[in-house]
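As you go down the protein sequences, you meet chains A and B in turn.
Position in the first sequence (from 1) plus 28 gives the number in my numbering.
Position in the second sequence (from 1) plus 723 gives the number in my numbering.
In short, the hints are calculated from the structure, not lab data.
This list has only true hints and no planted wrong ones.
In silico DSSO-like links for lysine-lysine, alpha-carbon gap of 27 angstroms or less:
hint	chain 1	residue 1	chain 2	residue 2
1	B	K882	A	K274
2	A	K255	A	K265
3	A	K182	A	K478
4	A	K329	A	K482
5	A	K370	A	K547
6	A	K154	A	K229
7	B	K775	A	K233
8	A	K182	A	K194
9	A	K194	A	K208
10	A	K175	A	K208
11	A	K265	A	K225
12	A	K194	A	K175
13	A	K274	B	K901
14	A	K478	A	K370
15	A	K175	B	K775
16	B	K882	A	K557
17	A	K387	A	K482
18	B	K845	B	K941
19	A	K194	A	K210
20	A	K451	A	K402
21	A	K389	A	K329
22	A	K329	A	K402
23	B	K775	A	K229
24	A	K451	A	K435
25	A	K534	B	K901
26	A	K182	B	K775
27	A	K393	A	K329
28	B	K882	A	K558
29	A	K265	A	K547
30	A	K225	B	K775
31	B	K775	A	K478
32	A	K194	A	K206
33	A	K233	A	K175
34	B	K882	A	K534
35	B	K946	B	K845
36	A	K451	B	K775
Label-pair restraints from in silico Cβ distances:
hint	chain 1	residue 1	chain 2	residue 2	range
37	B	G778	A	D261	40 to 48 angstroms
38	A	Y227	B	G778	20 to 28 angstroms
39	A	Q436	B	E780	28 to 36 angstroms
40	B	V795	A	P198	55 to 63 angstroms
Positions of the beta carbon are idealized from the N, C-alpha and C atoms, including for glycine.
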Amino acid sequence: MLKIRKTFVTGFSTLAVLSMVISGCGSSASPAPAASGTAQTTNGNSPAKDSSSMERVEGGTVRVAMSTEPDNLDPYLSAATDTSSMMDNVFDGLFEAGENSELVPAVAESYQISEDGLTYTFNIRKGIKFHDGSDLTAEDVAYSYAKLSGLNGKEPLSSKFAVIEKIETPDDSTVVVKLKAKDAAFLAANIVAIVPKDYEKQSEKPIGAGPFQFVSYAPGQQLVLEKNDQFYDQERKPALDRVEFKIMPDTNSSVLALQSGDIDMIPGISAQGALQLGTGFQIVSGPQNMVQLMALNNTEKPLDDVRVRQAINHAIDKDVIIQTVAEGNGAKLGSNMSPAMKMYYQEGLENRYQPDVQKAKALLKEAGYENGFKLTITVPSNYAFHVDTAQVIAEQLKAVGIDAQIKQIEWSSWLEDVYNNAKYEATIVGLTGKLDPHEVLGRYETTYGKNFFKFSNAEFDDIVNRARTEIDVTKRADMYKQAQTVLTEQAAAVYIMDPSRSVALKENLHGFTMYPVQKYDFAAMYFSKK
Amino acid sequence: MRFYIRKLATFLSTVLLVSVITFLVFQILPGDPAEIVLGVDADPHQLVELRKTMGLERPAAERYASWVTDTVTGDFGTSLRYQRPVADIVAERLPVTLSLSVMSVGLTLLIGLPLGIYIARKDGQLSSMLLSVFTQLGLAVPSFWLGFILILVFSVTFKLFPTYGYVPWSEDPVGAFKSMFLPSLALAIPGIAVVIRYLRNTLLDQFRMDYVRTARSKGLREKSIMYRHILRNSLIPVLTIVGLLIADTLGGSIVVENVFALPGLGNLLITSIGTRDLPLLQTLVLYIAIIVVLINFVVDILYKVIDPRIRLKR
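Only chain A is shown next, with the shape it has when bound in the complex:
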């Protein structure tokens, strides 16, 4: 009897270990799912304006539920928006992003651009101190930019700064940046963090000049920030003493934790979560400057035919998706730009393709696909929001004879197969917004490395190229609007919606503001007496 048991155990131990490894593959640690809309108490990108009667309290600790871990604490080595939304409180740039995509002077007091658009002169504010007590001078700015642009002789860290030819510091509070060519996107790039010169340990203990300083990071547990008492800007001086970002991978758990009072804020709460909360909490909702789209591989048959792509656009009823998947909390889109980008958003495109089964069928017939075709929609399985969207779309496509199959894959595989190698037919994903339109629309340039749409259009490339060097703000905005129109006309993808972001806060926590980029400005937040 014992012998049988032993062979069984050996075989079993192999199996047990393997099964643990393999079962892990199915359920991936999910990056933050896109927040769907919720029953809202406050709408729009303005703070909760119920604070007038409240008594403001100095101090206190805010505990925030984060569903993902930071990718890297060094601002130059990090790319995840969740990370930057935490660490933005530690670092200040020459400018900070404003509520309406405008640039607010921060480390730079003012700036001038030369006539030819090639020389940028930044006047650095005096008396700024880093968290380690050293002064922030023009030298630090030059060091930071040299690191980003690769002018220090090492690998450059940002393509946005590759355009810099040389950096000069005539005195301690002046930085002169000379560009190789005109680049209208350069100004918005200056929100990047300024780091202290020759400090190489940003990944372990980040040091910046922002309103909060870094205290500790315990992987899988929390990231802690503390108020910076020496912060230079009196108007932005924080009221809170401490911010604790708690890493909570399960969103249901974070809702329960907020209910029981163990945390104070959930930055992206689902519609069900918001309903579950009940009274005693505030929900702030607004557009999050995200473009949720169904990308179509423009080189894959039959999607290489513009009429087929247009037919798909006519077949899909975006309003239905917004109503069912986002419970009504989303802004309908027509191109790859969210209305949150007020200055650049081309209005009217969202109604270019009215849901029309007859028209869709006619277009398919014209293209030679009268009997429809098979289409595989590949969706990252950890984003329930996109998976749900895919299900609605598959139903809608059936009506015009397109047999859509949904294929769910793990996020890591999605990145490799779809995003990197464009091995897909259709996929649903959300692209997070940026401050500058070039970063948003540049994805469709023929030469862009990660153009997973495989979109290639001479007119579009030309417009985006010209816009890149156009210094006149209005003219530039017009060009990007034109570029959006091209995307819509060419039906490069199906642009679905900008799902609202909903933030749940404790009743007595105020001052939260929505930004066009994912940014949580804790310096503006404060508690009130109940």
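Chain B: place on chain A using the hints.
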């Protein structure tokens, strides 16, 4: 002696097999570790830089081979995701999983054994049948759901325990106990149900054995028969189950750790797979293999302690 050599050989071949299979599976799975960490918003330059830091320019087979040779010397390499020594990361997470394991197995035995005996003795009575229904439920309910219900009742409604997180024992023993109690319970409940069922069934089988009748006719007291003879004979299958349970919890509970946001080994395992962090995953696989084999070994020895007739041969 031969017994131990055989054990060691089985262990080494198990570990090697699992390790190689894990490596091969990773070669088939798509995904670039640098790209996964940075996501869709990564700057091409950042990707280049991170790939360099991760050492990805070397071929995968070569990296694996050097991990194997380093591991023999006690160096488990550097995690790709966290850019820190794997040994440090595992050492940080181990206390969480360890306390979860000790507490949940403790609860399992503390609750499971007495209840199992009780049900067997009261077999056929109403109280026993009611308890059987509960054990059935305990088996059927998934642990993540159980976790949420426990949080809802004990944390949200009665505010007795924290909803999430881990407090180190060295910092605050009471807080540590409180933070570990609900997850341990969520983990223990299915175990309790299993122990009760097994113990009840074997106890009932033993009741009908000849030696029990003999003992009774000898005039031994019922208590003495129960605890000195029947229970001892019934412990073998229970021991097997408890062994599996310990091995399972020491490997880290993915679901429960996720629900209670505990930084344990289960979470780490998921992260290492999701981020294609081969050095970290290989080390965890090695650790789990060691745990499973070690527990089986201890269980084998305990068999002998319980029942001296069992010989550890072959």
